[in-house]
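Dock the two chains into a complex; use the hints.
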Amino acid sequence: MPEATVKMTVRHVNPATSVIDIVGDVSAFAENVLMQAYDEASGPTTRAIVLNFTELAYMNSSGIGLLVTLLIRTNRQKQRLLAYGLSDHYQRIFQLTRLNEAILTFPSEEAALAAAH
Amino acid sequence: MRRVESDGPGMSGADVEAAAGGDWRSLGRWAIESRPGNEREAIECVRDGLRNVSLAHNRFEALMTAVGEATMNAMEHGNGYQPDVPVQVEAFLANHAVMVRITDQGGPFTLTETDAPNLEAKLSGLQSPRGWGLFLIERLVDEARVINEGAEHAIALIMRLDGQSS
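Chains as they are written, first to last, in this note's numbering: chain A, 1 to 117; chain B, 1001 to 1166.
To be clear, the hints were calculated from the coordinates, so they are not data collected in a lab.
Here the structure is a predicted model, which means the values were calculated and not measured.
All C-beta atoms, glycine included, are put in the ideal place defined by N, C-alpha and C.
Certain hints may be false.
Covered stretches of chain B (in silico footprint by chain A; criterion: 3 or more residues with CB under 8 Å from a CB of chain A, positions within the stretch not fixed) [claimed, not checked]: (1) 1036-1050; (2) 1057-1063; (3) 1068-1075; (4) 1123-1134.
Pulled out of the complex, with its shape left as it was, chain B reads as follows (with noise of 0.2 Å):
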């Protein structure tokens, strides 16, 4: 996978989508409520919007897996678990690829490697058992962008649609 991190300011979301080489067209936004649980139904609305794209099922299935991932750091460390701070999801199409945008109000974020989790660590209880969430993501999309504008941040998770499947 291929990720890129904003530096300073951070990238804005136009940047990213002129990064990302795309003529981007909105398939769907959602504002989901930050209550545990919820990033199901970011899935399942991503599901929706996207159910007229071309992706390969096991593909497709990632996606959507990185999505809830995504969705769920949104709500717990981005939103703290506000419900009246929603979670902002909006999907595009381009040509070659689609992107999911999940945009929350936690401030300036990167993503890091630092605490990637190691199964042995955790079984000898060196690490947590949790703290898969962004180890996921990054194994799972082919692109992952950091989006910093002001108060807000945002990942965008982007998959190839000519991608092999694995």
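So that you can see chain A by itself, here it is in the shape it has in the complex (with noise of 0.2 Å):
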């Protein structure tokens, strides 16, 4: 199996909410690094989890069940998952499947933290 075509990068914004920068692909190859990004994103005190798709390459019909997958551990958690920067045609995506309703999207890093407080 190709290596994962992505990065991600963990911020701690307060011990509640975590964001995972996303850079490249988010298809079948990203789940180790999806899931190491959040069990390092993730605490006891976490509270919200915030995905940054700004640099978001390219996304497939995979990538959105690793995106199903991580949100049923955040529902376990009792975490939200948020996500800002998508693009139009991804925002699309999340409507089509319904993720928008499980997954709140913002357009900014800013909006998103203000709702995951």
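See the structure below:
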């Protein structure tokens, strides 16, 4: 299987909120990277995880499946999953799949962090 | 999206082109090795082949995503990820539409919505988190036509040039 073509960096904004900066492709190959980033982002006091899609290059149906898996994990931990920086095209994908109902999306990091508090 | 499925032996490629009402001109044909991740190569080939076609940006991107998903299905379910059994991708242009045909060696195939993905079912564990590919294809293009010709099967993705942006 090819190597992941994505990098994810975790920022702990405050004890309750972490941001995952996603740069590259969200496809099946991103599974380990995404789950490791979530493990790093999530702690005992974490209540919200914010996904930064500003530098997203490509996402396919397998990547959408990964986001569903991530949602299952955050739901179990009673955490909220939020997102910002989606292009118009991927906002439409979120609407078609109804992911936008489970992952609230925002136009900017400021707006996402405000909603996370 | 209008969907046309073949019955019995299936529509031929020529039938589909005739039924689509077009005087179709090929803009390029590419053989894509059936390897995980190679749908990106198919997308870039088609993107380059359609570079001079006037299609609204969001509809163009919708078509590219559909091409990627259809190529993934063809590589995985049609050709079993055998690299020496390539997926054939061909782009066509007519006066009113563009069409991308993606062909594999997987035998007869029909589109079905019996396993339509449901987010609640996936979140509650009743469905696999995966399984969004055909759902996206059907909603992103104006028309998807299944073509069965012997051992080959294909899907033709059609976008009208005058279609409304969404």
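List, from low to high, the hint numbers that the structure doesn't satisfy.
-> No hint contradicted; all consistent.
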